[in-house]
Structure formats: C-alpha cells, structure tokens
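Peer 1: Since the structure of chain S is already known, use the hints to place chain E on it.
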Amino acid sequence: GQQVMQIPQYQHVQEGEDFTTYCNSSTTLSNIQWYKQRPGGHPVFLIQLVKSGEVKKQKRLTFQFGEAKKNSSLHITATQTTDVGTYFCAGSGGTSGTYKYIFGTGTRLKVLA
Amino acid sequence: DAGVTQSPTHLIKTRGQQVTLRCSPKSGHDTVSWYQQALGQGPQFIFQYYEEEERQRGNFPDRFSGHQFPNYSSELNVNALLLGDSALYLCASSLRGAGKETQYFGPGTRLLVL
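Those protein sequence lines, which keep their order, are chains S and E.
Numbered per the working numbering, the first sequence finishes at 105, counting up by one with no gaps.
Numbered per the working numbering, the second sequence finishes at 122, counting up by one with no gaps.
Chain S extracted, bound-state conformation:
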C-alpha cells in the first residue's frame, strides 16, 4: 500500500542551528499537509501544499512540495527551544483515495539551549 516516509527519524540541534526534515511518498499525492506535535500533545496543522513545486514560508519555516508531488520538505532557520516536537507530513490522494491522509513516520526534533 501507499507509504509516506520521513527522514531523519530524530534530530538534535543546538539552538540557532537550522533543521530540515524530508518526506517521501511511494505514490504521487494531490496535496500534502504538515503538522507539529509537542510531547504529550496532539498534532497541530502548520500548512498545506497543493501545487507542484510550491514553496511557502511562515516566519522561520519554509515548506516545499516537489515537482513530481511525491516529496516535500520542511526547513526551520535558526531553531529555538519552542520548535521542539515531532513534525509530521501527511499526504492525500494517490492510491489511498481522496479523503484519507497518510501520515509520515515523523521527525522528532530536540533543540539544545
């Protein structure tokens, strides 16, 4: 079945360093969403990408959707301790159907002060 993988699984960075997580789908997606989940919390929607090659920015966060709509990335510039959490991508479309979101395996970010 359709799979969505994320790398790396874990990332420890010093505060102020940059961070990137990559998301790869086994099939072409219609759109992709990114979520952040703090320890003990629930996923919180960050952004949605729909168009091939789309790039969106939210302050220090930059999101990209690949040209083939099978991969995506989230880049955080100058990390802060408030960025700690697990970042998930979730793809819709492809063989999984229109309404179902397949979540990636997640990247757990720790920021050392």
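Heads up, some of the hints might be wrong.
Take a look, some chain E residues computed to stay more than 12 Å from chain S by CB distance [to be verified]:
# : residue
1 : Ala10
2 : Ser15
3 : Arg65
4 : Asn67
5 : Pro69
6 : Phe72
7 : Pro78
8 : Glu83
Cβ pair distances, simulated, as ranges [said to hold, decoys possible]:
#  : chain 1 : residue 1 : chain 2 : residue 2 : range
9  : S       : Gly8      : E       : Arg23     : 36 to 44 Å
10 : S       : Gly(-7)   : E       : Leu90     : 16 to 24 Å
11 : S       : Ala60     : E       : Thr110    : 20 to 28 Å
12 : E       : Gln49     : S       : His67     : 17 to 25 Å
By construction, these hints were calculated from the structure, which means they are not laboratory data.
Just so it is clear, CB atoms sit at the ideal spot from N, CA and C, and this is done for glycine as well.
Peer 2: Below, chain E without anything else, positioned relative to chain S:
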C-alpha cells in the same frame, strides 16, 4: 469558538471489553476523521464520517466501527479489545473533508488495554 473536544481523556480497559470514544467537531465543521496513534508513531487513519455516513476507511478490522450524529458529533466503537489497541485515539474535524481542508485535531483519548 470551541475547538475539537474528545471524551474521555483517559481510559483503561481489559482485553475483550468494548469501548466507545466521543468527539465533537469544531464549530462549523461537518466532517470527522478518526486516527489511531501508537506510541512513537504517526497517526493512522481509521475512517472518516461525512453526512452521517462512513465515507472512507483505513486498514482497520471490523471491530472498529463508528457513527456520526445529525449535530456532526461522532463516536468510535472498538469491540473485543486487544492489547495492541492501546494507543492515543485522535479525532480530527474539517469542513467537507474533501481532501484539501485543514484538519483540526482534538486532544485525543489515551486508551490502555490490560
């Protein structure tokens, strides 16, 4: 404007029992999706309800069933509980849920099966 609410917050059951979890969507939302999140993993889609019908289902056995009420709230029922059903159960609401809407997640119900 209330967000997504879920009840109960925590639950302990024994193998073979049945459980019902409840979700109230964000005001104005009409679609509810249920997810299971095991420890250290990403949420896995169980099913989605729209207009009181199950619109799409993930790879979960028939022991998992649901319902959506006219006020758009929803229930998730799990029969014949197994140890492996221990997880965080998340409800997400959206508008129309056509695959391109923002999903708002509730705080979840932590289920422990002993």
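Peer 1: Please go over all the hints and tell whether each is borne out by the structure.
Peer 2: Consistency of the hints with the structure:
1. Ala10: holds (15 Å)
2. Ser15: About 14 Å separates Ser15 of chain E from the closest Cβ of chain S, which puts it past 12 Å; holds.
3. Arg65: At roughly 8 Å from the nearest Cβ of chain S, Arg65 of chain E sits no farther out than 12 Å, so the non-interface label is violated.
4. Asn67: violated (7 Å)
5. Pro69: holds (16 Å)
6. Phe72: Label holds. Min Cβ-Cβ 14 Å, cutoff 12 Å.
7. Pro78: holds (20 Å)
8. Glu83: holds (19 Å)
9. S:Gly8 - E:Arg23: 36 to 44 Å: The hinted range 36 to 44 Å is violated for Gly8 of chain S and Arg23 of chain E, with Cβ atoms some 49 Å apart.
10. S:Gly(-7) - E:Leu90: 16 to 24 Å: holds (21 Å)
11. S:Ala60 - E:Thr110: 20 to 28 Å: holds (24 Å)
12. E:Gln49 - S:His67: 17 to 25 Å: At roughly 24 Å between Cβ atoms, His67 of chain S and Gln49 of chain E fall inside 17 to 25 Å, so the hint holds.
In summary, the numbered hints that this structure violates are 3, 4, 9.
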